[in-house]
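Residue strings, one per chain:
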Amino acid sequence: MAMRDLVNGGAACAVPGSSSSSNPLGALTNALLGSSSKTQERLKEIPNASRSGPGPQFYSEDQQLRSLPGSELDQPILQPGAQGSEFFRGFRSVDQNGLGAAWDEVQHGGPMPPLGPMYEPVQPTFEGPPQRVLSNFLHSFVESSRGGIPFRPAPVPVLGLSQSDKQCIRDRSSIMARHFFADRGEEFINNQVNALLSSLDIDDGIQARGHIPGRFRELDEYWNESQAVMKPGLHPADSWAAEFNQRGMDHGGPDAWVQSFEQQHGVNGWATEFEQGQSQLMSNQMRSMDMQNLAAMEQTRKLAHTLSQDGNPKFQNSRFLQFVSKMSRGELIIDENEVKPGPVPGEWATEYEQQYLGPPSWADQFANEKLSRGPEQWADEFASGRGQQESADDQWVNEFSKLHVNDWVDEFAEGPVGESSADAWANAYDEFLTERSAEKQTSGVYVFSDMNPYVGHPEPMKEGQELFRKGLLSEAALALEAEVMKNPENAEGWRLLGVTHAENDDDQQAIAAMMRAQEADPSNLEVLLALGVSHTNELEQATALKYLYGWLRNHPKYGAIAPPELADSLYHADIARLFTEASQMNPEDADVHIVLGVLYNLSREFDRAITSFQTALKLKPNDYSLWNKLGATQANSVQSADAISAYQQALDLKPNYVRAWANMGISYANQGMYKESIPYYVRALAMNPKADNAWQYLRLSLSCVSRQDLLEACESRNLDLLQKEFPL
Amino acid sequence: MATTQLKSDAIMDLMKEHLSTDAGKEVTEKIGLVYQINIAPKKLGFEEVTYIVDLKKGQVTKGKYEGGGKVDATFSFKDDDFVKVATGKMNPQIAFIRGAMKIKGSLSAAQKFTPDIFPKPSKL
Numbered sequence: 000m001a002m003r004d005l006v007n008g009g010a011a012c013a014v015p016g017s018s019s020s021s022n023p024l025g026a027l028t029n030a031l032l033g034s035s036s037k038t039q040e041r042l043k044e045i046p047n048a049s050r051s052g053p054g055p056q057f058y059s060e061d062q063q064l065r066s067l068p069g070s071e072l073d074q075p076i077l078q079p080g081a082q083g084s085e086f087f088r089g090f091r092s093v094d095q096n097g098l099g100a101a102w103d104e105v106q107h108g109g110p111m112p113p114l115g116p117m118y119e120p121v122q123p124t125f126e127g128p129p130q131r132v133l134s135n136f137l138h139s140f141v142e143s144s145r146g147g148i149p150f151r152p153a154p155v156p157v158l159g160l161s162q163s164d165k166q167c168i169r170d171r172s173s174i175m176a177r178h179f180f181a182d183r184g185e186e187f188i189n190n191q192v193n194a195l196l197s198s199l200d201i202d203d204g205i206q207a208r209g210h211i212p213g214r215f216r217e218l219d220e221y222w223n224e225s226q227a228v229m230k231p232g233l234h235p236a237d238s239w240a241a242e243f244n245q246r247g248m249d250h251g252g253p254d255a256w257v258q259s260f261e262q263q264h265g266v267n268g269w270a271t272e273f274e275q276g277q278s279q280l281m282s283n284q285m286r287s288m289d290m291q292n293l294a295a296m297e298q299t300r301k302l303a304h305t306l307s308q309d310g311n312p313k314f315q316n317s318r319f320l321q322f323v324s325k326m327s328r329g330e331l332i333i334d335e336n337e338v339k340p341g342p343v344p345g346e347w348a349t350e351y352e353q354q355y356l357g358p359p360s361w362a363d364q365f366a367n368e369k370l371s372r373g374p375e376q377w378a379d380e381f382a383s384g385r386g387q388q389e390s391a392d393d394q395w396v397n398e399f400s401k402l403h404v405n406d407w408v409d410e411f412a413e414g415p416v417g418e419s420s421a422d423a424w425a426n427a428y429d430e431f432l433t434e435r436s437a438e439k440q441t442s443g444v445y446v447f448s449d450m451n452p453y454v455g456h457p458e459p460m461k462e463g464q465e466l467f468r469k470g471l472l473s474e475a476a477l478a479l480e481a482e483v484m485k486n487p488e489n490a491e492g493w494r495l496l497g498v499t500h501a502e503n504d505d506d507q508q509a510i511a512a513m514m515r516a517q518e519a520d521p522s523n524l525e526v527l528l529a530l531g532v533s534h535t536n537e538l539e540q541a542t543a544l545k546y547l548y549g550w551l552r553n554h555p556k557y558g559a560i561a562p563p564e565l566a567d568s569l570y571h572a573d574i575a576r577l578f579t580e581a582s583q584m585n586p587e588d589a590d591v592h593i594v595l596g597v598l599y600n601l602s603r604e605f606d607r608a609i610t611s612f613q614t615a616l617k618l619k620p621n622d623y624s625l626w627n628k629l630g631a632t633q634a635n636s637v638q639s640a641d642a643i644s645a646y647q648q649a650l651d652l653k654p655n656y657v658r659a660w661a662n663m664g665i666s667y668a669n670q671g672m673y674k675e676s677i678p679y680y681v682r683a684l685a686m687n688p689k690a691d692n693a694w695q696y697l698r699l700s701l702s703c704v705s706r707q708d709l710l711e712a713c714e715s716r717n718l719d720l721l722q723k724e725f726p727l
Numbered sequence: 000m001a002t003t004q005l006k007s008d009a010i011m012d013l014m015k016e017h018l019s020t021d022a023g024k025e026v027t028e029k030i031g032l033v034y035q036i037n038i039a040p041k042k043l044g045f046e047e048v049t050y051i052v053d054l055k056k057g058q059v060t061k062g063k064y065e066g067g068g069k070v071d072a073t074f075s076f077k078d079d080d081f082v083k084v085a086t087g088k089m090n091p092q093i094a095f096i097r098g099a100m101k102i103k104g105s106l107s108a109a110q111k112f113t114p115d116i117f118p119k120p121s122k123l
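The listed protein sequences correspond, in order, to chains B and U. For the first sequence, numbering that gives the first Met the number 0 gives the first residue as 0, with consecutive numbering after it. For the second sequence, numbering that gives the first Met the number 0 gives the first residue as 0, with consecutive numbering after it.
Hints are computed from structural coordinates only; laboratory data are not their basis. Note that the coordinates shown come from a computational prediction; the quantities given were computed from them, not determined experimentally. For every residue, glycine included, the Cβ atom is placed at its ideal position computed from N, Cα and C. Among the hints, a few may not be true.
As the list claims (entries may be wrong) - Quick list of in silico lysine-lysine cross-link-like pairs, DSS-like style, CA-CA up to 27 Å:
id: 1; chain 1: U; residue 1: K15; chain 2: U; residue 2: K103
id: 2; chain 1: U; residue 1: K29; chain 2: U; residue 2: K63
id: 3; chain 1: U; residue 1: K63; chain 2: U; residue 2: K101
id: 4; chain 1: U; residue 1: K111; chain 2: B; residue 2: K545
id: 5; chain 1: B; residue 1: K674; chain 2: U; residue 2: K42
id: 6; chain 1: B; residue 1: K469; chain 2: B; residue 2: K653
id: 7; chain 1: U; residue 1: K15; chain 2: B; residue 2: K674
id: 8; chain 1: U; residue 1: K61; chain 2: U; residue 2: K42
id: 9; chain 1: B; residue 1: K674; chain 2: U; residue 2: K29
id: 10; chain 1: U; residue 1: K111; chain 2: U; residue 2: K55
id: 11; chain 1: B; residue 1: K674; chain 2: U; residue 2: K55
id: 12; chain 1: B; residue 1: K469; chain 2: B; residue 2: K674
id: 13; chain 1: U; residue 1: K42; chain 2: U; residue 2: K69
id: 14; chain 1: B; residue 1: K461; chain 2: B; residue 2: K485
id: 15; chain 1: U; residue 1: K103; chain 2: U; residue 2: K56
id: 16; chain 1: B; residue 1: K545; chain 2: U; residue 2: K63
id: 17; chain 1: U; residue 1: K111; chain 2: B; residue 2: K674
id: 18; chain 1: B; residue 1: K556; chain 2: B; residue 2: K545
Unchecked claim - Calculated from the model, a selection of chain U residues having no Cβ within reach of chain B, i.e. all distances over 10 Å:
id: 19; residue: E25
id: 20; residue: L32
id: 21; residue: Q35
id: 22; residue: A39
id: 23; residue: G44
id: 24; residue: E46
id: 25; residue: T49
id: 26; residue: D53
id: 27; residue: K55
id: 28; residue: Q58
id: 29; residue: K61
id: 30; residue: E65
id: 31; residue: G68
Could you build all of it, start to finish, from the sequences and the hints given here?
Okay, here's the thing in structure tokens:
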């Protein structure tokens with residue numbers, strides 16, 4: 000692109016969307032120097048186009064400014080009414096029902112100053128000190144009244160009237176007008192007064208601003224309420240629910256919401272305020288910027304646009320382009336052939352903020368603006384909107400509020416009894432893990448220890464038996480694991496491993512080991528009994544019954560009395576009857592009494608079970624596991640005191656009997672002696688930290704004695720701390 | 000006795016006995032509410048067995064509540080899950096969150112439903 004093109008208006012320079020000029024540079028020159036006759040005419044059309052006195056009327060001459068589209072300042076400069084109607088007419092074509100209707104409402108409802116007279120040419124001009132100007136102006140008002148002709152608003156220099164002056168003029172003029180035009184209609188009077196007031200830059204908004212904000216408390220409340228809807232998170236949940244419900248009723252459907260939004264922001268509030276603010280801005284701050292600069296700015300904007308579209312990098316980086324674009328942004332202004340820095344756009348934004356967001360607060364302004372549009376009307380509409388539309392959307396809100404939300408919230412806040420929520424979550428995770436490993440075990444798969452020092456031991460079976468005899472159950476389990484890994488078909492290895500786990504209070508592992516033992520040796524009576532016992536402990540009645548019946552069938556002496564067909568449909572009563580029969584056949588066989596005792600435990604006939612075990616104990620007084628069985632049965636039939644002495648017998652015979660220690664703890668806990676139960680659990684866990692049941696019971700007991708401080712030690716399985724805290 | 004018994008039956012029988020002891024009476028005093036517990040063998044809501052754990056009178060009964068009026072809270076469990084909760088293996092809150100426990104009725108009553116009201120079974 001050549002400079003020649005810019006001057007001559009070559010095709011490359013055509014500004015898109017611009018009809019005014021195909022020669023941007025020429026247009027700029029015209030704007031700057033005022034040499035274009037067209038522009039000159041336009042400038043002449045503007046009354047008082049000097050920098051000294053641009054009143055609001057100056058901007059009401061919107062013809063001129065409309066020719067400068069796109070400038071960021073041009074729209075607000077327009078007289079509020081004119082610009083507003085233009086603005087909303089545009090909307091009306093798009094949306095007939097919504098904004099258009101709202102606009103109509105505003106047009107008819109609001110006490111807008113009549114626009115007509117203001118656009119007519121102006122007769123007098125006023126010059127001089129403010130006092131004289133004002134008095135002249137008022138005289139002309141009075142004179143116009145004599146002739147009974149409509150008063151023509153006139154441009155008046157800014158008079159620097161204070162708020163109270165304006166208030167005073169307004170009040171006096173309306174009273175006077177009523178005297179002058181007593182014979183005319185109310186409308187005429189209003190028109191006259193409004194014409195006068197608008198000339199003096201006194202409007203209803205200013206008048207309203209003079210009022211005490213307290214008068215609009217109701218509106219402020221509405222505002223706050225609507226704010227609350229927009230930020231529900233600020234409220235506690237219960238009040239939120241209530242408020243939401245209330246608001247739901249108020250708003251009805253989405254249409255109502257749109258309406259109220261328009262009422263709040265779109266039609267009455269925002270637009271008007273913006274317009275007003277702009278005209279104030281004009282009169283206050285933008286006074287110094289004259290028409291010429293605005294025109295120049297617009298032209299430079301076009302020029303800059305044209306230049307920037309050219310691909311030539313020389314042009315892109317040229318100082319000329321920078322200059323032009325700065326001018327187009329108003330950063331530079333031409334003043335009497337001098338280039339000066341203009342007001343920085345950032346300042347404009349700050350000013351805007353000060354004007355709109357600063358004090359008086361938005362709510363106050365909002366309330367005030369409302370008055371000029373008729374607050375009663377607004378409130379009425381709001382209220383009527385409330386009643387009319389209760390759409391289906393509300394129904395869920397109502398239902399929601401019917402639920403005991405508050406209860407739930409309160410209780411949730413209270414938290415679980417005796418546990419902080421963090422603990423609860425930690426527990427939950429722990430439980431989840433335990434549960435998962437438990438699920439693994441339920442399938443009957445034996446879980447081997449990760450680190451087993453006995454792997455590679457020359458004689459793990461012998462070592463395991465020795466350790467078991469010494470009562471080192473956890474060690475014995477490891478040695479026996481090493482054995483069954485080496486010899487998976489070693490039934491005795493699996494059996495002893497199962498017994499070890501049972502004594503270590505781990506029935507899941509016991510069952511898994513015993514099942515492997517049973518695979519290797521299906522008719523082993525000890526294995527069948529152990530499986531029956533472990534399943535009884537796990538409350539798995541049917542399975543327990545199956546193994547106990549298997550014991551009978553595989554017994555060399557009693558197998559004959561067990562009909563094989565019974566295995567298909569096992570009933571406890573039948574099995575118990577058969578065992579009773581067997582015990583009568585051979586009353587000196589302690590094992591039969593033991594199985595009977597287990598059977599009665601299954602059916603929770605504890606008294607019979609106790610009798611059976613006691614009978615067996617007479618025959619086998621040194622069987623520590625039998626003492627434990629007696630104790631457990633007594634405990635389950637709520638004879639905890641007896642149980643404890645039976646456990647004591649068992650522990651005397653086998654001090655490392657983890658199951659008996661754990662059962663001791665249970666017996667104390669079931670008697671409500673939680674404090675006493677804790678050391679027994681801890682003791683059991685010290686011998687077998689893998690006893691999950693004991694951990695759970697310990698946790699419960701700690702909670703019950705309000706030792707939440709030690710729950711952490713419980714979670715981390717810190718036995719040292721627990722043993723120190725609870726020595727036995 | 001049928002072989003399709005629930006594990007929970009054992010806990011409930013234990014509970015029944017437990018409530019006659021001093022410790023059980025303490026629980027009754029402390030809670031003072033009536034719970035209904037529905038226990039399903041495999042799937043929630045199917046073939047449920049209903050227990051009333053009356054911690055006002057200190058009774059456990061099978062079947063619908065006949066004490067007049069309403070129960071304070073109703074819980075629904077699967078058999079295994081009830082045992083887990085009653086033996087302290089699963090926290091009731093977590094059971095609820097995981098959907099292993101359904102609650103009807105007063106939530107303040109439900110909050111008092113803790114594992115320590117149930118006696119622990121001892122092991123043979």
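Hint-by-hint comparison with the structure:
no.	hint	in the structure
1	U:K15 - U:K103	holds (23 Å)
2	U:K29 - U:K63	holds (24 Å)
3	U:K63 - U:K101	holds (17 Å)
4	U:K111 - B:K545	violated (39 Å)
5	B:K674 - U:K42	violated (38 Å)
6	B:K469 - B:K653	holds (9 Å)
7	U:K15 - B:K674	holds (24 Å)
8	U:K61 - U:K42	holds (19 Å)
9	B:K674 - U:K29	holds (18 Å)
10	U:K111 - U:K55	holds (13 Å)
11	B:K674 - U:K55	holds (26 Å)
12	B:K469 - B:K674	violated (30 Å)
13	U:K42 - U:K69	holds (25 Å)
14	B:K461 - B:K485	holds (13 Å)
15	U:K103 - U:K56	holds (21 Å)
16	B:K545 - U:K63	violated (32 Å)
17	U:K111 - B:K674	holds (21 Å)
18	B:K556 - B:K545	holds (19 Å)
19	E25	violated (6 Å)
20	L32	holds (14 Å)
21	Q35	holds (18 Å)
22	A39	holds (16 Å)
23	G44	holds (21 Å)
24	E46	holds (16 Å)
25	T49	holds (19 Å)
26	D53	holds (18 Å)
27	K55	holds (19 Å)
28	Q58	holds (15 Å)
29	K61	holds (14 Å)
30	E65	holds (24 Å)
31	G68	holds (19 Å)
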